[in-house]
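Participant: Mind docking these for me? Both chains are given alone in their own frames, and the hints should help you get the complex.
Just so you know, the sequences run in chain order A and B.
Residues 0 to 461, numbered by numbering that gives the first Met the number 0, are exactly what the first sequence covers, in order.
Residues 0 to 631, numbered by numbering that gives the first Met the number 0, are exactly what the second sequence covers, in order.
Heads up, a few of these hints could be off.
Ranges of calculated distance between the beta carbons of each label pair, as one might list FRET restraints [as the list claims (entries may be wrong)]:
(1) A:L191 - B:C1: 57 to 65 Å
(2) B:P455 - A:L191: 44 to 52 Å
(3) A:Q375 - B:Q500: 50 to 58 Å
(4) B:S501 - A:A348: 54 to 62 Å
(5) B:S256 - A:E451: 27 to 35 Å
(6) A:E451 - B:Q568: 30 to 38 Å
(7) A:E298 - B:R511: 46 to 54 Å
(8) A:H408 - B:T562: 25 to 33 Å
(9) B:R477 - A:T383: 45 to 53 Å
(10) A:E451 - B:T262: 20 to 28 Å
(11) B:V209 - A:L191: 51 to 59 Å
(12) A:Q375 - B:I554: 46 to 54 Å
Selected chain A positions facing chain B (Cβ under 8 Å, derived; list incomplete) [unchecked claim]:
(13) E178
(14) P184
(15) D185
(16) I188
(17) L191
(18) P422
(19) I428
Using 30 Å as the maximum straight-line C-alpha spacing, the simulated DSBU-like pairs for lysine-lysine come out as follows [claimed, not checked]:
(20) B:K252 - A:K452
(21) B:K524 - B:K483
(22) A:K269 - A:K330
(23) B:K252 - B:K211
(24) A:K452 - B:K549
(25) B:K483 - B:K447
(26) A:K247 - A:K342
(27) A:K246 - A:K342
(28) B:K549 - A:K202
Think of the hints as simulated: they come from the structure by calculation, not from any bench.
All C-beta atoms, glycine included, are put in the ideal place defined by N, C-alpha and C.
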Amino acid sequence: MSKDRDTIVAISTPLGEGAIGIVRVSGSSAIAIARRLFRDPSGRHGRELKPWGVRYGSIVDCETGEYIDEALAVVMPAPYSFTRDDVVEFSCHGGVAVLTRVLEAVIKCGARLAEPGEFTKRAFLAGRIDLSQAEAIIDVIRAKTDSARKLALANLRGELSSRVSCIRENVLMLLAHIEASIDFPDEDIEALGTRDLTQRAQKAVSDLNELVRLGRSSRVYRDGVSVVLAGRPNVGKSSLFNTLVGKKRAIVTEVPGTTRDVIDDWTTIKGVPVRVVDTAGMRKTRDPIERLGVEAANEQAGEADLVVVVIDGSCQICDEDRDILLQMTDKPGVVAVNKCDLKTELDEAGLIPYGGGKRILRVSAKTGEGVDELEQILADLAVTEITGVSENPIMANLRQLEALENAKHSMEEATHALSTSVPPDLTAIDIHEALFWLDQITGQSASDDLMEKIFSEFCIGK
Amino acid sequence: MCDYDVIVVGGGHAGCEAALAAARMGASVLLLTLGWESIADMPCNPSLGGPGKAQIIREIDALGGEMGRNIDHSYLQIRLLNTGKGPAVHSLRAQADKEAYQARMREVLKAQDNLKVEVSHVENVLIKREGQVKGVETREGERYRAPAVILATGTYLGGRVYIGNESYSSGPYGKPASIGLSEVLKRLGFRLARFKTGTSPRITRDSINVSKLKKQPGHILPFGFSFETHSTREDQVMCYLTYTTPRTHDIIKANLSLAPLYTGAIIGRGPRYCPSIETKIMEFPNRERHQVFLEPETRTGEIVYLGGLSTSLPLEIQREIVYSVPGLEDAEIARPGYAIDYDCLMPTEISPWLETKRVPGLFTAGQINGTSGYEEAASQGLMAGINAVLKLRGQEPFVLERSQAYIGVLIDDLVTKGTEEPYRMMTSRVEYRLTVRQDNADLRLTEKGFSLGLVPEERYEIFSKRRRQIEDELARLRTTIVSKDAATSNLLKEIGTSPVQSRTSLGDLLARPEVNYQSLAIIDKDRTELPEDVILVVEIELKYAGYIRKQMRQIERTRRLETRRIPTQTDYSQIHGLSREAQEKLSVVNPRSLGQAARISGVSPADIVALMAYLETGSHRRKHNSGDINEI
Ligand SMILES: Nc1nc2c(ncn2[C@@H]2O[C@H](COP(=O)(O)OP(=O)(O)OP(=O)(O)O)[C@@H](O)[C@H]2O)c(=O)[nH]1
Ligand SMILES: [Mg+2]
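Excised from the complex, chain B in its bound form (with noise of 0.2 Å):
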């Protein structure tokens, strides 16, 4: 007897993509939150996107999930970052209006079918005696039953919080920290990790002399995070940036003492890409300054947080430190910047698509699964939703390969190698960047999310017919052969290019570094209107194509070992031959692929081909084999 098909537990963007997405599918949702104002909350900076993240938020919507539609709906600014460093990396970045985000959020949860949000503190998950998931319990004793559940509780699990010498148990934002659930964990066997994060201590807006500042303005845009936005906002906001003086480093340097990372106090492990003030100063003695954005929560609202100022020292001391910047000598401190600390699961407890191995049915996703940042949970949440439904259906679960999306990286990189610190999304972890781009996001998945039923018919017409319109216009600018008359010599000199030899089409001309798209108009009598997004595929496609092409070979390189699969059932302690760290990290993990096994750090290219050993005489008959040693 269930009430529900799937219990979301939290509702920070994990849990909204998550309930989402399965209620899209057509599950009975239960989403359990600490409350309303905590929905899709933003409790570090106000912002979304940037290099690695703006292509995962792509995906997210590409797949059907809303992240990408509600910042839209709700950002302050917009920047393309970038774009002066080649196509694979162009990266929107957005300031929020986290009121806004958040408000818009609560009304497509409200609206969603099959879907309901409830306001509980879930301090116990309910186990079978076969040992499947079959509920969660609150706090006041109240009991749920589902046969899947998604914890994406983030940095509430056992969490407390630091600031000087005082220290308590809390979850962000004064939230009661989960110090249930952190022990049902263990008492279950999963292994913990605990890492720490920090915040910046937020000013308010009228303390501020702007006069002091650089200026940082959005950017206007032919598209948005969404593949349904088509342009930017006009009222966008400025932000700015101001620098650390000598008098600031001087200030922490004295106060070190009080530091709960220098005092001891934390242990928690922090993400090296997110240093505290303190440690950036300590560890990068020679820098004279540091960066301080001025970023505001909200487009009317009092507080402006202060990006890369994260800190733990006490408030007296985040004082003299703000008043050292320049700008800032007036400021007001609205709420102290705090360090936290948290429990998390090892990842190599998660399955690829995020079943907890020791609970069936109970999935995580988000900060629980060692992971840092808004886009990072999103994408972990809707993936988390969409298999948990899967798995009810009987259906295979939903893997992407790190070939075919940031997201798949993401949790390829957190099954099989774990992660040391609060793992965040780069571009530099994606080895495939060029041909998973964010503006090809749609083209990659949408297909994909159109058949999970997550994308809507409507918007998968819309889908064809850009698709339709970029495989038109590539074979077009690759078949029509320029002539060679006066006009194109007249316009290839005018561009300061070569003249065009015999059989030359538009395509290699797009090739060419100094030609684009627009150049071409004069030549391209059979050009017909297009929107600017197909333009920009069209682009990049043609014009990269060479190293594409380098791409693609890397990739198939691969697939060798990204197709073999190595049975679950595996005794890796029975494989002769394996070393005892390749045995012990492969049963951990169980990788479903040998390419799998082979990102698992410990496992030698020895320890593959022993596995492989294994996987051919298992399946096959032994081949006769000379033993000669041009073999090894």
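Bound conformation, chain A alone (with noise of 0.2 Å):
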């Protein structure tokens, strides 16, 4: 069936991700024409794409050779892409020039630009996989990091629904016990009574609470999160974002305040993506420009994440370091003494009543000292602090999330029904609700499986 389709190719960037883009091409010539535009890291052709593997390396241009971006390449043969075609993902840097520079080089190696909207109908037409796989497929696109595309593997191996298929058996198996009294009345059908039924709602309500909550953790490695540096001018934040980000993005100098606009970019702190954040300076300043700096730098901690104070051990705390830990007081983060290769001045204890009960972390910018440490803290704090979830995430995406969470609140309510005086024709409809949110998730059909778990369960009939 996919041979008479022609290889479309089309950009998409997630919404709200400006680091991340992906080029997708779709048809019967995409892995030729992948193989012809991909490089591995040392240099070769990309005869080595194989199904199902994720690669990195680089595009080039197929007519001049010349490179346009490092990238990882996913291959999904027909038909068991989405698309039922054969299907090829690049994930770029980002940017429009870059997307649209390796946009062009693949239709110069024959595939044609997608019509509005047609990539997106072609994708949804498959219809072989559930819903929650079709979903991973795309989340291991979005992914960016490993990490992130661990778990979105796991959940095209089906991680996700296996776990839902586990609550909705548990759930469909109440039901059928409710259900079949009713239908059957006379019939001495040894159902469970209400101690019973109770017991297994509020089993599926702690199993939902539990999924939701592994589910919530997947979207720090997903999505990411971001750290933004804090401090007074001159402690070597800038310094320490170079550190972190691996290159020497940020001008650093020793006058105080060259720093004067907030600069990101995206790292991977041990798997988890990060988007680091360096700012200017917090000082009052008579500056405009270097006071424009300093609001937005105000703006960026307060929305980031997680914050870093960067503090100069060669020095004794200042006024204005105290106003910026005590600032930073809400938001989770790490107190980082820097230039420790110096000698230290600081008195840490000093720090302790004003940091808000972050750990403070002897570290030097300059060489490297303490970074490691520095970096699993934060890593820590990703998944622990936004999430409160320390153990190995579920990918879910916020309609899945969204679903795993309605399933719970009618479940909530079920048991709620079964532990009153509410009928069981009632209490069924909360769990009929149940079963729908989580079908949502599976793209299964309640209604026939508990006619099968009724006649399976129960010996009826007269």
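Facilitator: Here it is in structure tokens:
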């Protein structure tokens, strides 16, 4: 069926994410095109591109051989891709300019620019995988880091749907017991009593709770977190920024007030995608440009998920340091006492009252001392502070999370109904509602399964 | 040149309702039956109603059908089931005097204007060159012409009866099977399925040792199946219950090789909800005993039906089985149980208004459509009768939504999903159960029945009065604020509920689980005397308002899909990206709406989106679309 489909290409930049862009190619010559464009890290042609592999490498112009961007390539062969065509996805660094060049490079190799909506339509029409698996493919592509990709791939294998199926099985059984006793009132059916039913309902609620928790934490791996570097001028924020993102992006000088604007870049810290934000040193200033920078810094600090308050360890703590620390009391993060390669003048104990419970850590942007520990703390904070979960998360997107939350809510109502005098036919309404939401994740239909369950479970019939 | 407007083939429950509905709507109707003694027969359990089925009878009655009135005139015993399980599933069940039931139905048919009944064995359906139906032909070669034909042939279609090693071509009760019609349908290209059902042995009444049995008395109720009934009979007959024993189970296990079910003689699929005793014992080996219901077939007659003992073992073994059951030690088998398999149409061959898709003008109703049960059959008969007449008048078909009626669910399930076994209605098939109750069937449907011309003027007047009473009383209770005086607080204390806050209405009070309508009488001074069936609806509407709202939200959620129509001429092979399975299933079913399409098994959510996309782009210009992945 994919043979007669021509190859189309489209840019797809997930909303609100400037850092990563995707160029998708779908059609019978998608893989051939990818092999011409893609080079592995040692510069070889993309012959190695294997189905379902995720490959790191670069994209070049197939005519000039010119380097365009580094990219991850994912190959999904027909008919197992979500368009049923051969599909190749290039995840690039983003930026409209770069993405457009990649797009042009693909078109040069023979693909046609997708009509508006055409790709989306093709993508929709597969129908061979359940909803959560289809979405997992999207998550694989959207994943910014290996950890996120691993989660998404786990989901693709059915991690989320298998957990949901387990819960659904339990809920379905619960419903079968209620329904059988309603539909077959004078056949002595050995249906569970209210106590057992309530217990089962409670189990479903706690399982769903767990899944919501685990699902929420996956957002950190998929969507990433932002970390802002805050501190008074000249403490070494830009130096630390460069160390964290591994590039010389921010200008570093010994003149206080060097950084006038906000600079940010994406990096991966222990598997978590992190947007590191460098700011202008926070101080009262007359320079109008610097003042704008300071205002922006405050704003960034307010919006960021985590903060690193940078203090210069080679001098005494001052009021500006204290102000900044107090300002950041409620924001999770770390206090980094920088320049620990120099002679320490700072009295660390004096920081504690202002730290808001943040860990205090000695680092040196110059020598790299303490940076690994800083990264570990940030990664842990990203997961625990923001989501409250530390064990294996499960990849779930917003829609799925919402469905899980709704299912949980309905099961809570059902549990309440079971433990009070609400008649079973009404309790069933809540349980049906819960099943509806679970089915939104797996794409199954409860009504058929319910009949099956009733008949396999009970001896019915006169 | 036509002899009649509508010809109905078969005088069972479907045929009777079909013929009556069509005649009442003013069409000239011919009903062809194998014999007057087959009219509205109950060849299996002599009972009507129960969960799912009681609601159907109420709906038939609300639409102007006959079944409700007929059973109210002829039951031996009536009971209200599920009273402890909530308002949505209260269900009447009656033991019928099957002969009285038949006798009254015969009188109703005879008295009906525009309706002629003839005894004849139809063997052929006559088709015009252009493919529409034009009449039927009997075994004797006699031809009757009509632009609409309703087949309601029950289990007679290619029927074959099994008892032990014996098997022979037959309909129920030794009536001849209709081989010819089966062949005709095959020739017309219909896909047929083969289903099976079974029945229990009948014993003679005076051979039963009643002292060993558990009594099952009837109930005294302020209503019956029909909305016209407001009391129950005093002279109800006692029914009895007994149980199988370990000995029963041993006998069956030892003789399994003689059961046609297990020797592979029967190929038809049997209903899971109505298994033979052989099946029950083999599939649920841990059950120590199974119930056996003793159901007299008539008020005074000899025959008692053994509900729960359906079997096709040889007669000698059936005797041993019966003897092993307490109270039946000396029972005499009047008629042995048997299994019967028969042909029926794949219900996906039928439209939601019960016209076959292959032959315009040919309608089918009842067991021929793959259902089981008298009530299921009757409701389809009614709908087929209505739609045959509407078609002749060139009017839109009458189709009930799933959120409107059990009948809507029944027919939608059949024509959308088909069925793998004889289809029986159950309340758990109905997703909006709380809004389609037996107590409000008339509020849902009588208006429709009246505009179709099925509900007579005077009945409609009575209905309108009841509807007004319900609406007025609901409004009154919702707006009457309870005074916070001593009388109120004493009463509430007595009832065991918390005191009223400011501006609590009587309706608010009724929503509390501890409170009921009667208990508020003292503080509800303006109350007027109202019929019990009015109070019942009012109380349910107020008490379960929260859940009713939840259910309404569920209905609302699907409305967008249900109201999005798919053109009948849609060529699914042309819709890019539908899975092959979906293309096939959709072409077979030819759904009317996206909602119906979504219920077809094998059609995935992604297929529905594809279909939606197709419908959008077909009727509108393509909207600009960035191809953004978030749209997936
Ligand atoms: N010895 C030592 N010097 C450092 C370290 N980190 C930064 N410096 C020096 O401190 C000075 C200021 O560094 P920046 O990184 O520009 O400081 P900043 O906080 O970004 O300053 P503003 O942008 O002006 O707010 C430079 O001269 C750096 O070389 C460190 O860990 N050790
Ligand atoms: Mg700087």
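Participant: If any of the earlier hints don't hold here, list their numbers in rising order.
Facilitator: Of the numbered hints given earlier, those the structure breaks are 11, 16, 17, 25, listed in rising order.
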